[in-house]
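**Q** The lines below spell out each chain.
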Amino acid sequence: MAVSISRSNRSGLRPATIALPALLFVALSFLSPAFLSVQNLSNINGQIAALLIVSLGQLAVALIGGIDLSVGAALSLTTTIIVSVNPDFALAAALFAGVAIGLVNGIGVTVAGVHPLIMTMASMTFLQGLALLIHPVPGGTVPDYIAGLAWTSASGVPAAFFWCAGAVAIASFLLSMTRFGLRLFAIGASQASAARNGIPVKWYSVGCYVICSVAATIAGIFISARVSAGDATVGAPFALDSITAIAMGGVQLAGGTGSVAGVVLGTITLGLLTNGMNLVGISPFLRTAATGVLLLLAISMQRRNVIGV
Amino acid sequence: MTTHSLPTAACRSIVRLFSSVPFAYAGTAALLAFAYVTRPALVSPVLLLLIVRQAAPLAIAVLGQSLCMRVLSLDLSIGGVILAVSYILTSGILRLPEPILLTICVLFGVAVGAVNAFLITRIRASSVIVTLATALILSGVVFSFSQLRAPGEAPTILRYLGQTKIGIMPISPLVWLALFVPLALFLRMSVFGRYVDAIGANPRAALISGIPYIRIVTVAHILSSLFAVFSGFVLVGFVGAGSLDIGRDLPLSSLVAVILGGVTFGSGKGGSLGPAVAAFMLTFSFNLLTSLGIGEPGKLMLQGAIIALAATRRSSH
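Chains P and Z, in that order, are what the protein sequence lines are. So the first sequence is numbered by my numbering: it starts at 1 and just counts up by one. So the second sequence is numbered by my numbering: it starts at 1 and just counts up by one.
To be clear, the hints were calculated from the coordinates, so they are not data collected in a lab. These numbers were taken from a predicted model, which means no experiment stands behind them. Where is the CB? At the ideal position from N, CA and C, for every residue including glycine. Keep in mind that a hint or two might mislead.
Taking CB as the label site, the calculated pair distances span [stated by the list, open to error]:
1) Z:Arg204 <-> P:Ala154: 48 to 58 Å
2) Z:Ile294 <-> P:Phe96: 24 to 34 Å
3) Z:Gly152 <-> P:Ser283: 29 to 39 Å
4) P:Gly166 <-> Z:Arg95: 51 to 61 Å
5) P:Phe96 <-> Z:Ala111: 43 to 53 Å
Produce the entire structure from the sequences given, and follow the hints as far as they go.
**A** Written out as structure tokens, the structure reads:
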């Protein structure tokens with residue numbers, strides 16, 4: 001793959017990235033009369049908010065050429081923490097767990113030199129077990145102030161919208177207005193060159209894994225507020241869904257290419273697909289299969305240099 | 001100087017010797033010793049043979065997984081393949097004689113492996129993502145089909161394979177042995193085996209020196225899916241009926257077994273026996289944990305910790 005110096009390449013946005021959600025939107029509004037209702041659109045917004053937050057975290061890791069499969073388990077763990085600890089410390093405990101998970105992943109990958117897929121698969125398994133240990137059966141009560149975070153609305157706009165807007169604003173600021181963001185692209189393009197130019201690659205990599213895990217815990221807080229319960233398996237689909245979303249948004253999993261706009265578009269595509277299949281009445285299991293097909297299609301557009309993992 | 005460096009050098013070579021022996025051997029010995037003290041019933045020959053029988057499907061799947069990992073790839077579609085095989089065999093959706101059903105399953109395995117391999121070698125997509133996506137597609141399709149027709153009883157020939165004993169020796173470990181010995185010999189004696197080691201040691205050098213890289217990886221993935229089909233045969237026979245849970249933990253367990261068995265990314269190291277011992281060790285440890293009253297969450301946590309520790313230990317030198 002030739003290294004291109006054109007500026008527009010860094011975002012990874014292609015016509016297909018933008019056209020796919022647009023086409024889906026148009027097709028669905030013809031296929032199903034219920035699709036364009038305000039109720040349904042705000043439903044979609046609520047459904048994709050958590051995935052969007054997780055995917056933005058995944059973007060940070062993907063930009064440096066890593067991957068995080070533990071996001072789903074981290075999300076599940078968060079919902080179980082929130083219903084299990086003292087309500088006063090619920091948020092703090094969840095965020096603390098997020099930072100800790102990110103540190104373990106990051107240190108495992110950078111210092112111990114474990115392949116990111118293996119490291120995060122290990123932590124995924126561990127966290128899944130921990131979540132089941134803390135809270136085996138779905139249920140429990142979510143503190144009122146947390147539930148309020150997902151169910152209030154300001155002048156008709158549901159809270160989920162503000163969660164999305166906030167996440168997008170923070171991610172865009174970090175990536176395009178700070179030195180940190182710029183350096184992530186440099187690390188992703190070439191770790192060795194970045195290190196020779198004085199970028200503390202290890203610290204930045206650990207930072208990315210922490211950002212990703214914290215994003216997963218924030219999504220977990222949102223989910224537990226939305227469903228008002230803790231569920232140790234609620235996050236299971238998020239690992240692959242978030243990877244599908246960013247891959248469809250033009251993010252190169254080899255690192256160095258990607259954009260917040262792409263991730264938003266990819267997430268919307270996935271959300272529209274789920275919602276559309278619901279409205280048209282297709283089995284939710286086929287939706288899983290469709291996610292797999294989409295993932296393969298999105299991946300097929302990214303030819304890498306290496307063969308294998 | 002020399003008097004000082006000699007012992008350290010000796011120490012270092014002893015350490016190196018120990019760290020080159022797969023963790024699975026020491027781990028199995030330690031587990032057996034621990035079980036002998038705390039749960040002596042578990043190490044009786046009859047129970048050990050039962051555990052060996054229980055380990056057979058994992059050990060068969062591990063053959064393919066370790067081949068993939070030795071060429072720096074990974075196959076997480078094993079679970080999906082086994083699920084599909086179980087559904088083809090037991091749901092009665094195809095009303096055909098048993099031998100034809102088994103043949104269809106084998107062909108199906110080859111097809112899945114070929115698709116995986118195509119995407120990994122030609123499109124050059126990450127093997128983890130490709131095989132996870134394949135697993136998603138397979139399980140999604142099987143689950144939606146099973147709403148029409150639930151899985152039922154296993155074919156008689158497989159129940160025979162999975163459940164019968166000759167004397168006290170169950171048959172399913174023999175199935176594993178019949179697959180293991182030819183594969184191990186083939187990898188040790190053939191040019192193909194040397195190529196596999198070369199790719200594992202240094203993929204770039206292997207590519208540059210003209211080794212048929214793509215063909216080797218393709219064969220590895222096809223074999224891996226094929227072994228998954230065989231593992232599915234034994235598993236379906238062992239359970240006696242199809243289910244939608246079947247083989248769910250095999251992708252992860254096989255990965256753990258291969259890592260514990262001493263196969264590592266990027267070193268070209270790793271034999272065939274280590275992963276097999278590790279498969280037994282894992283199955284034994286699950287039985288031990290169950291008998292100690294530690295449930296599913298504890299097993300998952302332990303499994304995760306083991307993957308991380310084994311991978312850390314392996315990549316640190």
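**Q** Hint by hint, note whether the structure agrees.
**A** Going through the hints against the structure:
1. Hint check: Arg204 (chain Z) to Ala154 (chain P), Cβ distance near 56 Å, so the stated range 48 to 58 Å holds.
2. Look at Ile294 (chain Z) against Phe96 (chain P): about 26 Å separates their beta carbons, and that is inside 24 to 34 Å.
3. The hinted range of 29 to 39 Å is not satisfied by Gly152 (chain Z) and Ser283 (chain P), whose Cβ atoms lie roughly 21 Å apart.
4. With their beta carbons about 57 Å apart, Gly166 (chain P) and Arg95 (chain Z) fall inside the hinted range of 51 to 61 Å.
5. The supplied range of 43 to 53 Å is met by Phe96 (chain P) and Ala111 (chain Z), whose beta-carbon atoms lie about 48 Å from each other.
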